[in-house]
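Engineer: What follows is each chain in one-letter form.
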Amino acid sequence: MKNVIKGIAAAAVIAMPVAAFAEAESDDPIIIVQNNWTSQLVLSYVVGKVLEEKGYTVEYAPSDSQLQFQAIADGDMHFQVEAWEGSMKSAFEKAVENGMIDAGTHSALTREEWWIPNYVLETCPGAGSWQGLDRCAEQFATAETKPKGRFVGPPADWGKNYADRIDALEMNFEAINVGQAATLWAELQSAYDRKEPIVLFNWTPNFIESKFEGQFVDFPAPSAACNEVKEWGPNPNATGDCGAPHSGWLKKAAWSGLAEKYPGAWSVMQNVDFSNSQIAAAALLVDVDGMEPEEAAEKWIEDNADVVASW
Amino acid sequence: MTDATANGHKVKTDAAFKMPSYWASVFAITLLALLFHVIMPGVLPDRWWPEWEIPAEEWLTTRIEWLKSEATIFGIAFKDITRAIGEALKAPVKWAEYVLYRGHANIAWIWLAIILAGVVSYVSTLRNAFIACVLFLSPIFLAFFLGDAAPEAITSLPKTLSGLLKDIGAKALYGPVPWVAIAVGIALLGHWIGGWRLALLCALSMVYLALFNVWKDTMRTMTIVVVAVPMAAFIGVVLGIWVTRSKLAARIITPVFDLMQAVPHMAYLAPVAALFALGPVTALIATVVFAMPPMARCTILALQTVPEEIIESGKMSGCTRSQSLWKVALPSGKRTLMLGINQVVMQTFAMVVIASIAGAQGLGHKLLYSLQQLKLGTAIELGIAISVVAIVLDRLTQGYADKETDHFAAVKSWGQQHKHMLIFLIVLVLTYIAAIWFRDVVIPPSKLVYTGAEGKVTLFDPKVLARWMDGGIREFNKNAFDYINPIRDWVTLNFLIPVRNFFLWMPWPVFVFVVGAAAWRYGGLSVLLLCLSLMASFIVTGFWEETMKTTYLVLIAALLCVLIGVPLGIWAARSDRFAKILMPVCDTLQTFPSFIYLIPAIMLFRVGDFANVFAIIPYAMVPAIRYTYLGLKRIPQVTVEAAIANGTTKWQRLWKVELPVAIPEIMLGLNQTIMMALAMTAITALIGSTDLGQEVVRSISTQNFGRGILAGFFIAALGIIADRIIGSWANERKKQLGIG
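Chains V and Z are the protein sequences, given in the same order.
Just so you know, we're using the numbering used here here: the first sequence kicks off at 48 and counts up by one.
Just so you know, we're using the numbering used here here: the second sequence kicks off at 359 and counts up by one.
A couple of the hints might just be wrong.
Said to hold, decoys possible - Below are the DSSO-like pairs computed for lysine-lysine, each with C-alpha atoms no more than 27 Å apart in a straight line:
hint, chain 1, residue 1, chain 2, residue 2
1, V, 141, Z, 685
2, V, 101, Z, 574
3, Z, 448, Z, 437
4, Z, 426, V, 308
5, V, 136, Z, 426
6, V, 195, Z, 836
7, Z, 836, V, 242
8, V, 258, Z, 805
These are calculated hints, taken from the structure and not from any lab test.
Could you put the whole structure together from the sequences, leaning on the hints where they help?
Structural biologist: Following this line, the structure appears as structure tokens:
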């Protein structure tokens, strides 16, 4: 008996260095980037599972939404299913210059803009437009911003300068920038529960629309002239006196080596296309039905078998 | 007057005799300077002159760019070297993943090798078993050493086998180690180290992880921990030995370590992410770098405190230099070394949670995701899981450090000595067999479901509990907001904002003068020079404003921590019953991930400095409580008795005897509180701030690494300034009290 145990121990000892260093997988995994919001997670799993079905090994790597593009350009990560025009445009374009591949645009359109919950309209009926909102700015004031209203803005590094727009439109608001998206939602949830007026940065598609009722605030429609010609727009003395695009793109990003290394997977990635309603449905499974993102992806594939088949 | 109280008084008068003249003049000069600044603004500079600014930020950023793209060492591109290191580290991480939660064909192969070895050693000799084993494992060796050059037919053997095993239904064999086996293993380890109590703690903790559906994420986190801990420990020991051997090394490495420990966790991510590929490897490297200094420190301490007699006796027995190190000095310092391991494990675990920002899967990633979705209940469950794992790791490593050598080992049979190991092996084999039929043995189910005659009944679902907690927090917020908000507004308007504005308004020479005066008074020339150069670093590089915002936030948070923490510590020192409640609370506060405080803080207080201060306090308060408690508990019994014998009341004794004696210790607690508050500014940046912490966090996503590294360094600089001044003060005071 003692000999047997010694034998086993010997085997374990021999196996150990092997266990520490060996790598027997001949087919390298495709690494899909994951961010920390619902739709992106579910869609990543959807694409991942489709690729796995086709026999590829897939791994998921969490990443920051700005850092990821350089990682994709370098080939450290391979595919990102959701790249947003509003918050990621500059990082995306910089990475494309460095060799990242723009793998096509989804049918889904995105919008990022000031947003109010619907109950705000009861106390401030004109809040749907920027002039109307500005007239009841004081309703949105807090101790620090009084008498100006408070606009809860996106993290400073998302590359949007709302302070400038407020100045350009001469609005009676002050932008308070949060540090991360979760902070926006915490502010919204807290105000929403107490029916307190709030105006904050929001975007679509995301899980907020399935949980909170509200609408975007209309600003003067954007145009190239708005940012170049002072006379353009409501304020003749300033540029930038307009809103964000109503229909921004949602793109896919890929590593340049994919086409050569995994031609089959690459063609799937090029074909992958989500619409607004499909993205909302995917997010809903998690945010309202309480599924895990991975389960939700399985359910989504089941529900959209024909869509998946067309890739 | 009693001896004890007289002593207390004497100290006071002593200090009172010296201090006013020095501090009164410092105070007067400061006041005059500030008055002058009010009357004639603009004469005293409130900012460094832009034309004299040192462009450290651009310089660092271009250096890093250069390292990444152009630098070469012996003709090999630096980038290729970091890449190669990253690739090499991927393998152990991957194997940890296979074993802990993923499963892989190679695992089945190793199992078969072990069975084969067992069988061969039974029917033949140990030597033959060894040979059989090596031969059998050769495909895995080949695949590793030859890479793509290895013949496909051989390297694909394990994979072919897994297909075969799948067909005969023995899928379990190539799965990860079943959770039941790991849980039992941890409990057995607990029993071996600390008896039934620790075993019970371990077992309950494992059950929590399984019940709350966080097992897989815990294992994901542990993959980095199990790889990082040995690496950090090894590097730490080597550096520690080097420092004790070489004066030059000591001179270079010691201050680097001081700096490394003062830099917030978050600041490690940016530079590492800049040099290495993003992903688990970055997290691993940042973790190793962060967790290594305590090991080196403990090694140095262990080697330096070995009693001379032990070394002498080693020499007399004819030890060589290396024998004297490995066989004499290191073993005799085992306890200190194990404390080092304990520190490494704790730091590693704390870092892995934060490293999720740079691509580590696991508990931290899940936690951030839950917070992003406002799933506070789930976040709390995950937070508790993190605390639970941290506490188990702490108790196990600490228990092992305290464990006494079994002096009866020789009389016990082989089986008796290794009974924990044997039981674990049996459980391991049994669970693997059970896994063939029951998948729940491998990974715990997401909820407890009982399938009876009437159908399925859900016994326990962590999601339901989480939703219930969500509701509770929201309900509390809804009701409490109206009462809390006026307080928040008042404090913000009348206290926080004025203080912040003061710090921003103050000319920098005044700040330098006051800090310099304190450094000179307590630390002398060397501390003064150190503080001056550290202050110069953030003044001349154009970070004055951000640094002052951080200083203001941290000072206010530290003040509040002292106001809350010291009384709690006093109370705990008075009442053992309260101490028994408070100490576990402190453990939890310190291990509970501070991210979670952020969301309720925002809900209650909105974005702003009030929320920031509130989020810092729970974490930074702990040392204030602990050091006060320990400081009071460590007062010599004779001192206390002398005071009692002289008829002091309880309060007199506290104010006139105990607190003055304990004050150096309490000040060291304040020191730690400041360090932790500084580290927290990188986390409160997620609420929304414009200080150094925000720069650190933002640099990760904007890839402005120069800025991030500098901001991290300046946070450390503030910590070191506070540490040196307070530390010197406490030392001087201890000497005055005759307890230093």
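Engineer: For every hint, state whether the structure bears it out.
Structural biologist: Here is what the structure says about each hint:
With a C-alpha separation of about 57 Å, the suggested pair residue 141 of chain V and residue 685 of chain Z falls outside the 27 Å cut-off, and the hint is violated. Between residue 101 of chain V and residue 574 of chain Z, the direct Cα distance comes to roughly 26 Å. Compliance with the 27 Å bound is thereby established for this hinted pair. Of the supplied pair hints, the one linking residue 448 of chain Z and residue 437 of chain Z holds, its CA atoms being roughly 16 Å apart against a limit of 27 Å. For the given pair, residue 426 of chain Z sits about 25 Å from residue 308 of chain V by alpha-carbon distance, which is consistent with the 27 Å threshold.
A C-alpha spacing of about 24 Å is found between residue 136 of chain V and residue 426 of chain Z, which places the hinted pair at or below 27 Å, so the restraint holds. For the hint pairing residue 195 of chain V with residue 836 of chain Z, the CA-to-CA distance comes to about 25 Å; that is within 27 Å, so the pair holds. Between residue 836 of chain Z and residue 242 of chain V the alpha-carbon distance is near 10 Å, which keeps this suggested pair within the 27 Å criterion. Of the pairs offered as hints, the one joining residue 258 of chain V and residue 805 of chain Z holds, with about 25 Å between alpha carbons and a cut-off of 27 Å not exceeded.
Hint 1 from the earlier list is the only one contradicted by this structure; the remaining hints agree with it.
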